[in-house]
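The primary structure of each chain is shown beneath.
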Amino acid sequence: MNDTRSLRQERFAPVTYALLTAALLATMALCVCVGSVPISLSDTVTAVWRALWGLPIPQNIAKNIILNVRLPRVLCVALSGASLSLCGAAMQGLLRNPLADGSTIGVSSGAALGAVIAMAAGFTLPGSSYGGVMISAMAFAFGALVLILSLAYALDRSLATNSIILIGVIFTMFISSIISLVVTFASEHTRSLNFWTLGSFSGVNYHQVKLLALALVACGGVVLRYSRELNAFAVGEDNARHVGVNVKRVKLVTLITISVLIGVCVSISGTVSFVGLVMPHIARMLVGPNHRRLLPASMFAGAIFLLLADLTARTLFSPIELSIGVVTSLVGAVAFVIIFSRTRKAR
Amino acid sequence: MLQGDHITVRYGRQAVVNDISFRLEEGQWLMLAGPNGAGKSTLIEAIAQGVPYEGTIRWQGEDLRVMKPNQLARRIGVLSQRNAVGYAYTVEEVVGLGRYAYSSGFLSGRRGEDRDHVEQALEMTGLTGLRRASMLTLSGGEMQRAFLAQVFAQDPQVLILDEPANHLDLNYQQQIFSLIRDWLKQPGRAVLSVVHDLSLARRYGTHALLLDRGQCVASGAIGDVMTPEHLNGVYGMDVAAWLRELLSQWE
Chain A
1 MNDTRSLRQE RFAPVTYALL TAALLATMAL CVCVGSVPIS LSDTVTAVWR ALWGLPIPQN
61 IAKNIILNVR LPRVLCVALS GASLSLCGAA MQGLLRNPLA DGSTIGVSSG AALGAVIAMA
121 AGFTLPGSSY GGVMISAMAF AFGALVLILS LAYALDRSLA TNSIILIGVI FTMFISSIIS
181 LVVTFASEHT RSLNFWTLGS FSGVNYHQVK LLALALVACG GVVLRYSREL NAFAVGEDNA
241 RHVGVNVKRV KLVTLITISV LIGVCVSISG TVSFVGLVMP HIARMLVGPN HRRLLPASMF
301 AGAIFLLLAD LTARTLFSPI ELSIGVVTSL VGAVAFVIIF SRTRKAR
Chain B
348 MLQGDHITVR YGRQAVVNDI SFRLEEGQWL MLAGPNGAGK STLIEAIAQG VPYEGTIRWQ
408 GEDLRVMKPN QLARRIGVLS QRNAVGYAYT VEEVVGLGRY AYSSGFLSGR RGEDRDHVEQ
468 ALEMTGLTGL RRASMLTLSG GEMQRAFLAQ VFAQDPQVLI LDEPANHLDL NYQQQIFSLI
528 RDWLKQPGRA VLSVVHDLSL ARRYGTHALL LDRGQCVASG AIGDVMTPEH LNGVYGMDVA
588 AWLRELLSQW E
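Keeping their order, the protein sequence lines are chains A and B.
For the record, in the first sequence the residue sitting at position 276 is 276 according to the working numbering, with numbers rising by one throughout.
For the record, in the second sequence the residue sitting at position 187 is 534 according to the working numbering, with numbers rising by one throughout.
Chain A on its own, in the form it takes in the complex (with noise of 0.2 angstroms):
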């Protein structure tokens, strides 16, 4: 006999991932038709795909306007949002801590002053104008993890939760400051770094794409395979080593990896808050805490979510355009009050 506190069976079957697909597809069409300039539907469809047959475009077709402006920003924007929410998933699970994500323990701030630094110093690399900031921005980010886990270490000599989580605060308010510093005394060029530090996809182009989706196939492929000792992890640290999981390694590889998929992120549009911290929420409501479903529904949730974030940020005042991290925290502030309240009495 089953008992009443049965949970509801929790499936994410194949139809599951078909319906988040067909969603996503849906967002990123509307994405790339809602704008200063309204696209009709079909001439989107038609224009992405005789693109990729190599097939002549119609000329009543704005080709540029759908393949060089929308078409990267919204491919940016998903990649970015699945890429921050999984790393918010993960973490959530590594840590045992619903509040931990990048923002909240400090490494999207390592990485944004890693980038602010690199673009306020004109740091490049031979070949390619954007691999300095990108770098720096990767290095920060993991500096700024080892340096909160080394003070959360040295304060209780167990890396409690709560004592990385409050760590990470106090960096993030330390780190904006300091970026706020470097922006005031930055050169005339740099001072847009300031709508960059709230986040922006403004101007993005394929090259970042393909940036972004091979950061993700490779960091998000080490994430995913490390599901099962996410999920011995979020029943507690203690219990993942009794039940045989290297602790060590994985914490680690995963923090890494997380890391460098942050700074990526970072690095490209600027911090954009609150996706890695509500997203996996919203994808634990659906489809419950089990890792393995809970990965990829977070990944689609974020993706969705920033799109949709996105598209709020050019359109709402448009011509103006907002800084989608306005958006993100005003959204997601109130998403994750709500998330949390509802949550706090379920239990």
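Errors might be hidden in some of the hints.
[As the list claims (entries may be wrong)] No more than 25 angstroms apart at the CA atoms, straight line, and that leaves these computed lysine-lysine pairs for PhoX-like:
#1 A:K248 with A:K63
#2 A:K251 with B:K415
#3 A:K248 with B:K415
Read the hints as simulated data drawn from the structure, not as lab findings.
Here the structure is a predicted model, which means the values were calculated and not measured.
Chain B: place on chain A using the hints.
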């Protein structure tokens, strides 16, 4: 099966476990006893490779330090004193984690053998009807049974239990201890547990290690260790008189 030699665990400069040695042989149930702060849980954490220690702990001659975590988990199952779940995992999912050490990779599903072990563990601990329940809705005793089921599903050769009677009512205490005793009857198995209830220790243990302030006071067969002299010295009271007084309430 399991042998510890000169184990010392330090927190800073203070040795909370100081030069402890023990042997655990097949069929034995070794009870770790002693007052609060004696170092019992720390010793268990050292055996589970959860804290750094001096000295050596060997499994059939092999140093546990060089064993891979999944190899260790196939041999030694640990029930910790502090168990709590942060997310709404089902009982079955948590018990199923006990099979982690036997899985071959990310894409491998749960094998028939794993399913059998999980079913058996759920049945042994009386949790079959709660298999789909969220861990967040369980009482303390149900949660303790769920983690015990996880350890059974792990199918180890040695059980290490830190206060297995925690949160259990009398009925479940008796059931769980009898269950562990039956489990121990299978060849090639042994149990090491921390038990605060000296009557339970006396009733089920075959051997005992009595600790006080990190040091070994006595070790050997349960009858030789659990003597009034040893216990009174360690607990600073007439233990037998106190237990008799408690029992007299029922006469």
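Hints, one by one, checked against the model:
1. A:K248 with A:K63: Not satisfied, since the Cα-Cα distance of roughly 51 angstroms exceeds 25 angstroms.
2. A:K251 with B:K415: Given pair K251 (chain A), K415 (chain B) holds - Cα atoms ~16 angstroms apart, limit 25 angstroms.
3. A:K248 with B:K415: holds (12 angstroms)
In this structure, the one hint that does not hold is number 1.
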